[in-house]
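A.B. asks: The primary structure of each chain is shown beneath.
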Amino acid sequence: MEKKLKIALCILIIALITIIAFVGVYAKNQITYENVLPNYVKSSELEGKRVTNFKLSTSTEEIIYDKDGNKVEAIPEGANEEEYKKEQVPVNPEEVLTTENYEKVKKIFEGRLNDIGVTDYAVRLNKTTGTIAVELPENSNTDNNIQYLMATGEFTLEDEEDGTVLMDMSDVESASARYGTTEEGTIGVYLNIKFNKEGTEKLLEVSRNYLATEDSDQNVEEDTNTATDGNTVEDTNTVDNTTTATDSESTENKEDHKHVTMKIEGIEVLSTYFAEEISSGELTVALGTATTQDTLYDYLRQAQIYAMILNNGAVPVLYDVTLSEYIASNDTIVETYTVVAILVVISLAIAIFLIIKFKKDGIIAGMSLLAMISILLLLIRYTNTALSLGGIISVLVVLALESYFIMTILNRIKQDSSNENVANATLKIYLDKIDVIVVFLIIAVVFTFMNSVKIYSIGMTLFYGAISIAIANLVFMRTMLIARYKLERKD
Amino acid sequence: MGTVLGFNKGNEYQEYTRINISMNQSSNLEDIKQIMNENYSGKYDINYTNVFNDTVSIRVKNISEEEINTLSQKLTEKYAFEEGENNITVVEVPAYRTIELVKPYVVPMIVSFLIVLVYFVIAFRKLGIVKTLVEPVIVTVMVLALYASIFAITRLPITEYIIPLGVVIYAMTLLYLSMYLNKEKRV
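So the sequences go chain by chain: Y and B. Just so we're aligned: 110 in the numbering used here is position 110 of the first sequence, and the numbers increase by one with no gaps anywhere. Just so we're aligned: 144 in the numbering used here is position 144 of the second sequence, and the numbers increase by one with no gaps anywhere.
Same shape as in the complex, but just chain Y (with noise of 0.2 Å):
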């Protein structure tokens, strides 16, 4: 009786199982029912894509040259006008249009989007014509990431008062975000920036030429300790020891000091002198203190994409959006209906064969793998795993691996249908095939472990289907092949 019990639970946990991963729990939501089970998480193959064409800009820029020859960024206030010639210039001039060039901005574009995390992208480069296509994942980040695509790149470190370009991107090597508690317990957070073997001579430069008299070193030492632009706060010590550029925009140290003005993208991100010199090469700018996590997040995310600009270098080619749009993909949707069809008769296929062979032993083993599949279904939702269409068809390696073991489990008992052997052939299969376990297992992490969503789809797919099998094999296939192999001596 116990034993009947036995397999009819093992059956109906089967059931519940199975019911709940191709079905559902619905339950009311308001006037409508509403399945409570986490939506699969699926990659833009199957979900649709945002498609955004990169065009070569053909606007211009206007040049404004003095009486000498010599640009300036703008004719002073009060000079006389005829004095200075304007002209008119292609942002993109000939010599710029370059296959090279071309494929440097494809280059740039993934390394962006590989720094700020998006893990499901394709960058489409049309080498004559220098066209791009980005496609990207729909979703609530994508048009800031579009935004960071047409970052130019452009780094100056400049004298405020001429505009004197001292350093420039080529000076950069690299650049990271980072954040460390302050001194006043707060969390401060800053831009890392660590300059080539040239970068570093002309920033030990720098720091010289700009560099605090010694009359004000109180003013600076006040000011590195000091809330400056409202958010700024220096403290050298909690991140690391290299030199931080002082913040300041005291206008008494404006009188006394010589200022440099850091720009990315254009905008000023901060206007500083220097409390001693540098030679380690590296720059560490505070970007703000946090109180809160929401600020800490916002500082992170510029630290982040400032980093993630200095980190690629500025595109030599500009471009223009000409558009953008969702792009649904009903042919992928259609070819993913019918590899999930190919699955099913693949599964239904296993499960007639082990049937037919192993007769009811076969019956069992085929619970068991829709117990696996059901199981595996159930992991991918709970665990958020971003499903792509390698994903899908690598079920394909669970089910074999699955059937081999199943096959060798009740080979093993059709040779011997002892309690003993019945009771330890589920177990010792996982030890006489550790090989087989171990070589799969490394495929599995190893896919895992990489940046594309296509790729560690298939990892994550795998990783879970080997446990999906250890759960319906060892409890469920166990529990009723020892139930029935009883039942049947009583009888």
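What the hints contain is simulated information worked out from the structure, not anything from laboratory work. On a predicted model such as this, the values are computed, not experimentally measured, just so you know. We treat Cβ as the ideally placed atom computed from N, Cα and C, and that holds for glycine. Incorrect hints may appear among the rest.
Okay, the calculated bits of chain Y under chain B, using three or more residues with CB under 8 Å as the criterion [claimed, not checked]: (1) 313-327; (2) 400-413; (3) 446-452; (4) 455-468.
Add chain B to chain Y, keeping to what the hints say.
C.D. replies: Showing chain B alone in chain Y's frame:
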């Protein structure tokens, strides 16, 4: 084989032209299809791009400048688009390079393959280096080369699921090799 013959990329990966028509009101797809059929002989995909059904996107391959102009003219006449409103946008979407389709899969496949080979060499060391290293390399490379050759020779289009299917074949090959070596070890 693929390098010599080249692959036939599926529609999704080929270069195409997208014609975006921004209506000022909800539109009937059938009307636009009729204009398309009258003025363009090739195949095309057409769908709405938003829930208000006021923006239509048409995807076409190999459309000439002249055909685009005729279509624009007919659509402008039909829907009374005003000059300067830019209701019709035509963009070119570049093709994928085959290498770019494969690239994301290369690193995880090579890394996992190397780790698996190291595992084979250690776990099945009694079987000798030929069985644990040389044979798995030859078998895996042959299987993947054969898979790629099928598409290069038959010119079957490379669609979204062809490369993931290649990964599945790769994983199954390694699983088969591990089963085979496991069996050999016990003999």
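A.B. asks: Next step is simple, just say for each hint if it's right about the structure.
C.D. replies: Here is how each hint holds up against the structure:
1. 313-327: holds (count 5)
2. 400-413: Since 3 is at least three, the answer is holds.
3. 446-452: Answer holds; 4 residues pass the 8 Å Cβ test.
4. 455-468: Since three or more residues must qualify, the claim that chain B covers the region 455-468 of chain Y holds, with 4 doing so at under 8 Å.
In the structure shown, no violation is registered for any of the earlier numbered hints.
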